[in-house]
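Chemist: Given the coordinates of chain A, assemble chain B onto it according to the supplied hints.
Number of protein chains: 2
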Amino acid sequence: MATINDIGVAAAINIVTAFAFFIAFAIFRIQPVNDRVYFPKWYIKGLRTSSIQTGGFGSKFINLDFRSYVRFLNWMPEALKMPEPELVDHAGLDSVVYLRIYLLGLKIFFPIACVAFTAMVPVNWTNKGLDGLKHSNISYSDIDKLSLSNIPNGSPRFWVHLCMAYVITFWTCFMLKREYQNIALMRLQFLANDERRPNQFTVLVRNIPTDPHESICELVEHFFKVNHPDHYLTFQAVHDASKLSELVQTRKQMQNLLDYNLNKHTRTLSKRPVIKMGFLGCCGEEVDGIKYYTSMVESLTREIIEEKDKLRTGTKSIVPAAFVSFKSRWGAAVCAQTQQSRDPTEWLTEWAAEPRDIYYDNLALPYVDLKIRRIIVAVAYFFLTFFFMIPIAFVQSLANIEGIEKAFPFLKPLIEVKLLKSIIQGFLPGIALKIFLMFLPRILMQMSKFEGFVSTSSLERRAASRFYMFQFINVFLGSIVTGTAFQQLNKFLNQSANDIPKTIGVSIPMKATFFITYIMVDGWAGVAGEILRLKPLIIYHLKNSFLVRTEKDREEATDPGTIGFNTGEPQIQLYFLLGLVYAAVSPILLPFIIVFFGLAYVVYRHQVINVYNQKYESAGKFWPDVHRRVVTALIVSQLLLMGLLSTKQASKSTPLLLVLPVLTIGFHIHCKGRYQPAFVTYPLQEAMIKDTLERTREPDLNLKAFFRNAYAHPEFRVGENLELEMAVEKPDKLPELVATKRGSWRNTPLPSKHNSPYSP
Amino acid sequence: MATINDIGVAAAINIVTAFAFFIAFAIFRIQPVNDRVYFPKWYIKGLRTSSIQTGGFGSKFINLDFRSYVRFLNWMPEALKMPEPELVDHAGLDSVVYLRIYLLGLKIFFPIACVAFTAMVPVNWTNKGLDGLKHSNISYSDIDKLSLSNIPNGSPRFWVHLCMAYVITFWTCFMLKREYQNIALMRLQFLANDERRPNQFTVLVRNIPTDPHESICELVEHFFKVNHPDHYLTFQAVHDASKLSELVQTRKQMQNLLDYNLNKHTRTLSKRPVIKMGFLGCCGEEVDGIKYYTSMVESLTREIIEEKDKLRTGTKSIVPAAFVSFKSRWGAAVCAQTQQSRDPTEWLTEWAAEPRDIYYDNLALPYVDLKIRRIIVAVAYFFLTFFFMIPIAFVQSLANIEGIEKAFPFLKPLIEVKLLKSIIQGFLPGIALKIFLMFLPRILMQMSKFEGFVSTSSLERRAASRFYMFQFINVFLGSIVTGTAFQQLNKFLNQSANDIPKTIGVSIPMKATFFITYIMVDGWAGVAGEILRLKPLIIYHLKNSFLVRTEKDREEATDPGTIGFNTGEPQIQLYFLLGLVYAAVSPILLPFIIVFFGLAYVVYRHQVINVYNQKYESAGKFWPDVHRRVVTALIVSQLLLMGLLSTKQASKSTPLLLVLPVLTIGFHIHCKGRYQPAFVTYPLQEAMIKDTLERTREPDLNLKAFFRNAYAHPEFRVGENLELEMAVEKPDKLPELVATKRGSWRNTPLPSKHNSPYSP
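Line by line, the protein sequences give chains A and B. Following full-length UniProt numbering, the numbering of the first sequence begins with 1 at its first residue and continues without gaps. Following full-length UniProt numbering, the numbering of the second sequence begins with 1 at its first residue and continues without gaps.
Don't read these hints as lab results, they were simulated from the structure. Do not rely on the hints blindly, as some may be mistaken.
All copies of an identical chain are treated as equivalent in the list; a pair is satisfied when it fits inside any one copy or across any two copies.
As the list claims (entries may be wrong) - Mimicking DSSO-like on lysine-lysine, the simulated pairs with C-alpha atoms at most 30 Å apart in a straight line are:
(1) Lys-252 - Lys-412
(2) Lys-652 - Lys-264
(3) Lys-621 - Lys-243
(4) Lys-652 - Lys-502
(5) Lys-652 - Lys-672
(6) Lys-502 - Lys-535
(7) Lys-621 - Lys-371
Isolated chain A, as found in the complex:
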């Protein structure tokens, strides 16, 4: 087991790493050449069009104002300055609600840590429970002296831990409830103040039955004219645009290659670039690159236009789904929240997500397919989750250095080098896990896509919950159970299923040091790495050198990225779980978690303000998921504490501890009934208020024009300024920045009043 020293070394390494990242960031961010990487949000919003220059040659690329290097950490207070309402305007409610998860972590764990360190640590420290173990083959470290393991069996001191469990439960529930309430209110206010948007009036209809006598368009029109006569306005058919997507994709690649060749030509001037037509461009006939790609792009453009015409006029490509728009929000709210047809598998209606949130590929899936896909994914997920454990188990086993020494005695001299040992123990398990986990979100996202969700937001929510389950089983349980398997495999194999919670409970205090390293590597260094944006930085500069010809290309070369709910939230939830589980067992873990939450809050706030460009706005719809997972973590922590205490011969406490999960479940049911509807339904009263206001303000509004093409397939919209994009040979005539195209809904044409302090 790791000693205090090992932890100290690991902490030092991680702190240094994090600090290095911050310094690198501080230097990089004030270089004008990196401006688009570190402040893309402002470009997207149209509030900044070129990097600020301090004058003189070279200042276009590097910052020569040395005073700005001194204030290298001043982005931190800046990130905290923007008030919340303005942040909602600036970045959308989703981002603000997401940041509040970190705040919630601080609000929950800071007071708990204070109580734990004043009340529990002295109680744990002044014992000699662990000394008795010295002769057995279970190793322990000084850190364990701060934990519950240090208290001898059956000691009356366990009452302190019992009280602590109550304090944790009540405080967590209190904070959760307050937060749920706040966020429900924020969401309702946000929706109430929101501008007119197509999705407020639109319902997505799926599983439209086929009729031999009527086309899908006629069917939709008739059905809604009959069944919603006073409210139905218009509808928009959904096309199967997979061929078009393909063409657009190919054209983009060709365009990139063309740009690359053009740039090459501009630089070398004299000779025109030549490409080979054979295998991978290595052999075969030589042709003029610029001419070849120009002709390719042109022919593809023609094909795209033809395909679009075909889609627009023909009815063959129409899938049995449609976006139906209503005259009022009231009408849409009614249609979205009721069942239309006698057959519950037909005419399924739901709120349409925002146009940019729609995942078009899944709209056409029939009811039966969806069910079958769900089963397939469930099975696949099961196997993914449980067979993934094999490599994890192997890596975890390496983390236990004494285990390695026992297994491979010849490695002993190497490992015993003090620094090396600390590094192995501090880094190895965390990093190996991290690499494993890096590829996982993509697989899970593909699974969700296959499962048939129709909006990016729901895809991300689903992927997040799968990722959390995965982390819970493989990182949390896997680390605890497999890790100790090396120490007490024999003991464990001979136990009945009934005793497993107890075994897990017993192992928890022993894994505290592992999780501390994990938090430092995955949390601290990860967050610091996030702000450096190394990957986007490199990609941007590569693209900038080879592909960028216009300002518009440069805009597209920047990938501002998004918060990434499907990867970020499960990570936070793992820390909630660790915090809650260890709060009553080894409170030494809490400061590390608090540092993570604090650091992450500042970093992500900075990123939300300056970098991320959310692809959709769900108005905080994910909060019920967040709430549910924290509650689950709380219940898990109570059960494990129960298991742990019962092995400590403090079984008198079991009935008292059993009360806690029951209360927590009751609390969850209460919250669900009280606050969840705000995230699921849209009250008719609200709809009516907005409708009435609008009717008074704009009595002769042409809504029909407002909906025209609002829900057209994105590829349709991409092509609208195809001719403009074709302007490859006229580099003088720069296409203007189209702020509305990729902007947030709420982009204000005027600069925000708090704007100045943020643009360096």
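Modeler: Below, chain B alone, put in the same frame as chain A:
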């Protein structure tokens, strides 16, 4: 353990009892004097006004036509004759769907029994597995030779049982799915063909917030005029009429006493009845009974009228709930299925049940109260269920006659009398349980009332599900575990929680004989007793002698009763559970269950046609509950078989058996998605079709008049012909039968064409 002989004696006793009941019924039913007890349904429907007389003196009271005695069982084919669609017209859909539960039992178990007896019984019988147990202290009977216990451990013959489990699962699921589909269709057709009724247009609104500036009536009017401007029609406030109810109740008692005294006076003629005013009418001042009660009735009538006026004019008694009626079914469907206000605890809307189905006392309960009451009831139910086991355990222990002999050796000579032993073993356990269970439904009903449900139908559904859980734990598990506790208590106490399913599984074959007796006593004799209607018969004749003065009084003296979903359905479900559990273990149980289902189907069909008067019509809304419970029973049976086989060292079968519950759960989810919406939601398309039809047929319908007082408190309605009821001194002027008052919705004014065969 009971031997084949014991079972034979018990069966003989039960068959004789059942037969005696049937003969008694055959004799009683053709006596004109009992006509109102055995054919109340026809009186209520107004199709019969006085009993049929065969002529001659005395024929008014007893049937002197001896030919009719010969055909004493001819009610059975008669009961089966009425075709289903007419039965729906005659008795409502609820009754028809209820009868289909018995049919479902026959459809599931008859083919299973055929397969089991041809395939499994020979496999079980031709073994000697039980002979090995002869020397141990576990006793067994010949019946066990037919069961799975007779197969030696680890025998390859268990593959037959495994296949049987698959056959049972697939057949049961197939029948369940077909039935769910049928009943969903029946319900939709029934609702589509249904006449205009207030509840199609009405929504119950609860938790109306209080407003210092507006009364509740104004608030409701304003809210719905604003939020449902095109559809809102009118509303009806709900009054707190508890005082009125009390007065009406007291008046009814006084009226009964007055009637009694009047009758007494008519008979004795000379002297007027005298009553004493003191304690319990035994001492104190003497007054003239008729005068006293007349004055009491009159003063109470005055008070009632005053109270009603006060309620009607005042606003103080209005509770924060209202029945809001809409211009169209579409409007009501929309309002019932959407959320109205931002706060999900206010303005809660749901479909109003039929006026006669409403349980008025609970309408005013606020949201928080409901939650608290739910918790209290959950705790109370927990204690009721688990502490009730103590007396059951005691009674069950008596059922084991060898146990008694061991405990009280001096009783041995008495018990060893062959007949007495058989009687004790055949009757005792069943009857004791039955008496325990008789009082339970009332307690559970009170619990449901306290919990705050607002319609009788939902109260009954809730009470039914609680009763089922109770029976499952106490009758099924309780009998198995506690019963065997006498035999293997030591073995059982020393097992871990993990092995309990195995223990239950092992005990199952041993309890087959107990459950056979239980089925005979509870099922066969119970059903036969149901048709005799002994309690209503006695009460009717008592009332008829002392309290009845007018035909109307006589009408009220008959209690036709209802099907009693909350007691009947859980009983059927217990048989489903027993059938499914024993089908693969001891198929000998199946014939007994099939006889029960067949007999019950005929008897209840007769009762539905001739006796029961349903108090409400929910259009088969309880079917999802029925379906869910059968599926649960199926899963329990699979798990127990798994437990049983794993103790039989046939653990190779476990993975194959584990597939079954997974498949069954998948099946349940599928059915839920596919058919449950038909029982929960009301599709807008259906509503629109009905609205359009109605608008075409009756363009100038005055709906407002239609709703007036539709949802008035029943006491308001009772009092409407109070003056008529006061006509105590004018016995000549009989009040006419008010067929609409207690009739079913669908009472046809014309006699049914299939009518004649049913009136004897």
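Chemist: For each hint, tell me whether it holds in the structure or not.
Modeler: Outcome of the hint check:
Within a single copy, Lys-252 and Lys-412 get their C-alpha atoms no closer than 56 Å, and across copies no closer than 97 Å, so neither meets the 30 Å cut-off. When the C-alpha separation of Lys-652 and Lys-264 is checked against a cutoff of 30 Å, the pair qualifies neither within a copy, at 79 Å, nor between copies, at 70 Å. For the identical chains of this complex, Lys-621 and Lys-243 are neighbours neither inside a copy (33 Å) nor across copies (48 Å), given an alpha-carbon limit of 30 Å. In this homomeric assembly, Lys-652 and Lys-502 come within 30 Å of each other (Cα to Cα) both inside a single copy, at 15 Å, and across copies, at 29 Å.
For a Cα distance limit of 30 Å, the shortest separation of Lys-652 from Lys-672 qualifies neither inside one copy, at 33 Å, nor across copies, at 43 Å. Neither within a single protomer nor between protomers do Lys-502 and Lys-535 lie at most 30 Å apart by alpha-carbon distance, with minima of 44 Å and 57 Å respectively. In this assembly of identical chains, the alpha carbons of Lys-621 and Lys-371 lie at most 30 Å apart whether taken from the same copy (24 Å) or from different copies (26 Å).
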